[in-house]
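Work the whole structure out from these sequences, hints included.
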Amino acid sequence: MSAEHAHHDEHHAHGPMFYAGIAVFLGVLTFIELGPLFGWYNLPIPALMMLSLVKFFTVVAFFMHLWDDDAILTRVFAAPLVGALLMVMVLMTLFHTWRPSPRDDNFAVVERFGDNYAGECSSWLRSHISNRMYCASPPIEPERIAAFAPAGGGASPGGPASVDLSGKSDDEKKEILAKRGEELYKQNCQACHQESGAGVPGAFPPLAGSDYAGFLDPVQHAGIIIKGLNGKIVVKGQEYNGAMSAFGTLSDYNIAAIATYERNAWGNAHGIVTPEQVASAR
Amino acid sequence: MSTAHEAHPLVSSDPDSHAYAAMGVNSLKLAFWIFLGSDCFFFGSLIGTYMSYRGKSLVGPYPLDVFSVEVTSISTFLLLMSSFTMVMAVYYAKRQNAKAAIGWILPTMLMGASFVGFQVYEFSHFYHTGLTLQGNLFGSTFYTLTGFHGTHVAIGVLWLGLQALWLAKGWVRQDMGNSVEVAGLYWHFVDIVWIVIFTLVYLMEYVR
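For the protein sequence lines, the chains are A and B, in the order given. Each residue of the first sequence is one higher than the one before, counting from 1 in our numbering. Each residue of the second sequence is one higher than the one before, counting from 1 in our numbering.
Don't take each hint at face value.
Computed list of lysine to any residue pairs in SDA-like fashion (alpha-carbon distance at most 25 Å, straight line) [said to hold, decoys possible]:
#1 B:K94 to A:F18
#2 A:K173 to A:E183
#3 B:K94 to A:P16
#4 B:K169 to B:A100
#5 A:K232 to B:G130
#6 A:K236 to A:I224
#7 A:K179 to A:G197
#8 A:K174 to A:E276
#9 B:K94 to A:H14
#10 B:K94 to A:F56
#11 A:K227 to A:E195
#12 B:K94 to A:W67
#13 A:K232 to B:T132
Hints in this document: simulated from the structure, not taken from any laboratory. What you are looking at is a predicted structure, and each value in this text was computed from that prediction instead of being measured.
Following this line, the structure appears as structure tokens:
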């Protein structure tokens, strides 16, 4: 037995010069990898993968000695390594990672997020599981939505940027604005503040029955839609510390419509916000 | 039999010794390779999650907004070279040269600790740039993956510290070569995980 043990332990016949050579080899490969990092030259993804793979197996073979150590060690390591690799590839397939990144490809984003861009989640999750749980992050910036939106649509599809309200009574204005506002609310606001206006306790403040001063004042209300809102606020006795993004790329009329809808839906009765008030809030 | 003994005075000649499994492989080493196999799945799940959500953050900061190529390059080189000093420590421990082994373990620890230091600097820099654990998908997956890797490095530094202490005090129970070799396996594993992370998390962002 002991002769056999000794045999196994004597395997690593490599000396310091050999190890130093391996270290230089690894260093050179890493130096080649730094090229794209510092912009010296570009390397395609397969080349980066190859470099990483060669480094990985060089360390495993010669520093961890699997090259000449007992074969059973290679087997107990290789099996789970292959398993883990398969798991990563299956995950990446399920999450559509092989396709172009949404940051590079407008089509991918539109397909992934459809007309509801409330947060970050994969199309797989969105199509199979309720959005809400997986989309708790803040809405994306309107500029990004505009960049990704299908032609002629965007965050305010199917409606004019402005409607002449002169000569109409306040009730007529309210009706016209709130009707348009309801469409826009579904597009822009509902994902966080919910269809019922109740928000999500602790995450997104409610609009229905809101007692927040910035909501009750029409010009401040418009200002929040235009610029977004960050930091701590208290609404109906609950503290919120989130980040609402800016929707200032919408027209004065469209923002007035959203605000008017929010002020008169779900039992709210806070009057209208006019496009002129929106303009003054910019 | 006796010649083998001379070559390896610290290997027990007791046929009932538990140091070696039935197939003649050192039990501790075999067990540790099995652990490393399980750690493949640990990092596989974190890397799989990172890759699944890669490029899907719709709010910033994005990777290129926060990455510092200098810091990453230096810490990558440090960890890579610490694998060389580690294998040298194993080489001397295998030859029962405790002093030389300690001499190579200490620079390994120093480079590992520097790597962790750079990561702490990186994390605090990223945090102040606005990248948080809950802010976007990149933040969540990046901090989880690299944070657990950094934790592995930190544990490795502590383990090597214990090895150096044991060698210095002569507290190694069996074969010092075995003891240092297994700690070395852990160290190299942490290095190869970084080789993968470096490519997937950092280098991929710079491909045009």
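Hints, one by one, checked against the model:
1. Distance hint between B:K94 and A:F18 is fulfilled; the C-alpha atoms sit about 16 Å from each other, no more than 25 Å.
2. Distance restraint check for A:K173 and A:E183: the Cα-Cα separation of roughly 16 Å lies within the 25 Å cut-off, and the hinted pair is therefore satisfied.
3. Between B:K94 and A:P16 the alpha-carbon distance is near 13 Å, which keeps this suggested pair within the 25 Å criterion.
4. With a CA separation close to 14 Å, the supplied pair B:K169 and B:A100 stays within the 25 Å bound.
5. About 17 Å separates the Cα atoms of A:K232 and B:G130, which keeps this hinted pair within 25 Å; it holds.
6. The hinted pair formed by A:K236 and A:I224 meets the criterion: a straight-line CA distance of about 18 Å does not exceed 25 Å.
7. Distance check on the hinted pair: A:K179 and A:G197 sit about 16 Å apart at the alpha-carbon level, within 25 Å; holds.
8. Only pairs whose Cα atoms come within 25 Å are accepted, and A:K174 paired with A:E276 is accepted, the gap being roughly 14 Å.
9. At most 25 Å may separate the alpha-carbon atoms for a hinted pair to count; B:K94 and A:H14 meet this at roughly 12 Å.
10. Distance restraint check for B:K94 and A:F56: the Cα-Cα separation of roughly 24 Å lies within the 25 Å cut-off, and the hinted pair is therefore satisfied.
11. Distance check on the hinted pair: A:K227 and A:E195 sit about 22 Å apart at the alpha-carbon level, within 25 Å; holds.
12. A hinted pair counts as satisfied when its Cα atoms are at most 25 Å apart, and B:K94 with A:W67 qualifies at roughly 17 Å.
13. For the proposed pair A:K232 and B:T132, the alpha carbon gap of about 17 Å is at most 25 Å, so the pair holds.
The structure shown violates none of the earlier numbered hints.
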